[in-house]
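If you want the building blocks of each chain, they are given just below.
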Amino acid sequence: MQTDALIRKAGGGRLSREDQRRLGDILQRVYDDVVRQGVPDRFKDLLGELDGHREGADAGNPSARAQRDGAEQGSHDSGGLVEAKAFPHSKGSAS
Amino acid sequence: MTMRPSVRDAMLAAVPSLRAFAISLCGNVDRADDLVQETLLRAVANIDSFQPGTNMSAWLFTILRNLFRSEYRKRRREVEDTDGSYAESLKSHPEQQSRVEFEEFRVALAKLPSDQREALILVGASGFSYEEAAAICECAVGTIKSRVNRARTRLSELLAIEGADDFGPDHATRAILSAGGRS
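These protein sequences, in sequence, are chains A and B.
Using my numbering, the first residue of the first sequence is number 1, and each one after it goes up by one.
Using my numbering, the first residue of the second sequence is number 1, and each one after it goes up by one.
Okay, chain B solo, but in the shape it has when bound (with noise of 0.2 angstroms):
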């Protein structure tokens, strides 16, 4: 098999994004990084339908993507059990009062029907443009539009309740997710 090194080069630099991508899909980091493998050696597999000069990092994404929903298709119910990954993830980070804003939020975001977290994911983190996120997730851009401010909306809505202090250190639930994640 060969590889020209600039597309070797490029889906190597794509990897720190699709990890983030692939940590938000499926709340796990072990999880992700076996899906993030998977899909570049689907992609080394396929190298030749990827055209030089297009956007390797959109098709890669497209690939992660479609190979974590064949996989949640099979595997729906312990998809959702992710907080106690969240909380696992949240041990790197050096900033305590941070700490408990990002497990807050993925927390909530963990909570979100895939399609509308993915959609904000692909658009609001991931740099991509509405139409990008569109070919990426096989829909119409006015879909990807709407799964969007679905998705802001929700989480909002979750984490007005579960952090009414202003996203503040909320010990009951900082609590409850340390304790989750040894179950």
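Next up, chain A with everything else stripped away, as it sits in the complex (with noise of 0.2 angstroms):
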């Protein structure tokens, strides 16, 4: 039977480099299709009213905001990441 066959092999233990490669690949695909959809206007907007004074020079040319947004910015997740003691506040502020 394939099917026992293949949960055979996954409920096995540790999985073969292949299949924690494959798995990877999937997860990172649904991921990164939300990703690719960016920041939504609701997003742009409430930063924006919460930072009065750079609204009236963006609230015009949303395109421009956001090309200066991805200029300045870059790839937000590569660089730049610090030991996770950096942020010891976090905690207090979200409770």
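Please note: incorrect hints may appear among the correct ones.
[As the list claims (entries may be wrong)] Partial list, derived from the structure: chain B residues whose beta carbon lies under 10 angstroms from chain A:
(1) LEU12
(2) SER24
(3) LEU40
(4) LEU41
(5) ARG106
(6) LEU120
(7) ILE121
(8) ALA125
(9) SER126
(10) THR153
(11) LEU155
[As the list claims (entries may be wrong)] Below 20 angstroms or equal to it, Euclidean Cα-Cα: the simulated SDA-like pairs (lysine to any residue) are:
(12) LYS111/B x GLU71/B
(13) LYS111/B x LYS44/A
(14) LYS111/B x GLY24/A
(15) LYS145/B x LEU15/A
(16) LYS44/A x ASP30/B
The set of hints was computed from the structure by calculation and includes no laboratory data.
Where a beta carbon is used, it is the ideal one built from N, C-alpha and C, also for glycine.
Take the two lone chains, each set in its own frame, and fit them into one complex as the hints suggest.
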């Protein structure tokens, strides 16, 4: 039985490198599918409203703002990651 | 309230990844976006506790996770009912083959215990190190490693059961999911 064999393989302890890579690839694609949607307007508007003195300059030109955001920030996931100890206050702030 | 432009831009830059994390946590795009919005509001209100130059993304992920968990405790049963929203979120994907693959994967992901799911996402997709993921989840690094391993094993089991034909189209599963989405 094909299904039984697959279950046995999967349940029999550690996954093979091949299986891990395959799962990782799908996970990354599912995740990136959302990331590629970028920043919805509601969040640009939200942070714009909270940042009054810049709103006037940016409100009429969302594409310029988006370009600036992209240019200044670049790849936010790769660079500049620091040790977790660097944000010790986060627990309190979110509770 | 004053917020430096660089801080605001760092928050905006983290939004796409925050949304992906939030959707994977709660399985519903609308709720995920509400969660991201609440996270940004909390972050702005507590911006004084953010240390400039440190990892804004990790800080925001921590806030979002804590918000989700406090909400999750209130709405435990509702959170498990995610199949309909997964089916809905797939409408936008153009490629049929990938759609089915994504669908089965997301459904399997939703069945993982939330501790394992978040650990797998943080390390396997968000690009955080084990140490950063441990800080975000407020647990030991070894705990994160163990959760990630268990998540991978469990996912593999679930996909083997539900998509025995090599993750390929499974019409029965799709039909069930489509029906589930309307209920």
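Hint check results:
1. Interface hint at LEU12/B: satisfied, since its Cβ lies 5 angstroms from the closest Cβ of chain A, which is below the 10 angstroms cut-off.
2. A least Cβ separation of about 7 angstroms between SER24/B and chain A falls short of the 10 angstroms threshold, and the interface hint therefore holds.
3. The interface hint given for LEU40/B is met, as the beta carbon of that residue sits about 6 angstroms from the closest beta carbon of chain A, less than 10 angstroms.
4. Using the Cβ-Cβ criterion of 10 angstroms, the hint placing LEU41/B at the interface with chain A is satisfied: the shortest such distance is roughly 8 angstroms.
5. A cut of 10 angstroms between beta carbons decides the hint on ARG106/B: the least distance to chain A is about 6 angstroms, and the hint holds.
6. At about 7 angstroms, the closest approach between the beta carbon of LEU120/B and any beta carbon in chain A falls short of 10 angstroms, and the interface hint on this residue holds.
7. Using the Cβ-Cβ criterion of 10 angstroms, the hint placing ILE121/B at the interface with chain A is satisfied: the shortest such distance is roughly 7 angstroms.
8. With its C-beta approaching chain A no nearer than about 4 angstroms, ALA125/B sits inside the 10 angstroms limit, and its interface hint holds.
9. Interface hint at SER126/B: satisfied, since its Cβ lies 7 angstroms from the closest Cβ of chain A, which is below the 10 angstroms cut-off.
10. Interface restraint check: THR153/B against chain A, minimum CB-CB distance 6 angstroms, threshold 10 angstroms, status holds.
11. Evaluation of the LEU155/B hint against chain A yields a held restraint, the C-beta minimum of about 6 angstroms falling below 10 angstroms.
12. A hinted pair counts as satisfied when its Cα atoms are at most 20 angstroms apart, and LYS111/B with GLU71/B qualifies at roughly 18 angstroms.
13. The suggested pairing of LYS111/B with LYS44/A is violated, with an alpha-carbon distance near 33 angstroms, which exceeds 20 angstroms.
14. Using a Cα cut-off of 20 angstroms, the hinted pair LYS111/B and GLY24/A holds, with the two alpha carbons roughly 17 angstroms apart.
15. For the hint linking LYS145/B to LEU15/A, the alpha-carbon distance of about 14 angstroms falls within 20 angstroms, and the restraint holds.
16. Pair hint LYS44/A plus ASP30/B holds up; C-alpha atoms about 17 angstroms apart against a cutoff of 20 angstroms.
Violated hints amount to a single one, hint 13; each of the other numbered hints is respected by the structure.
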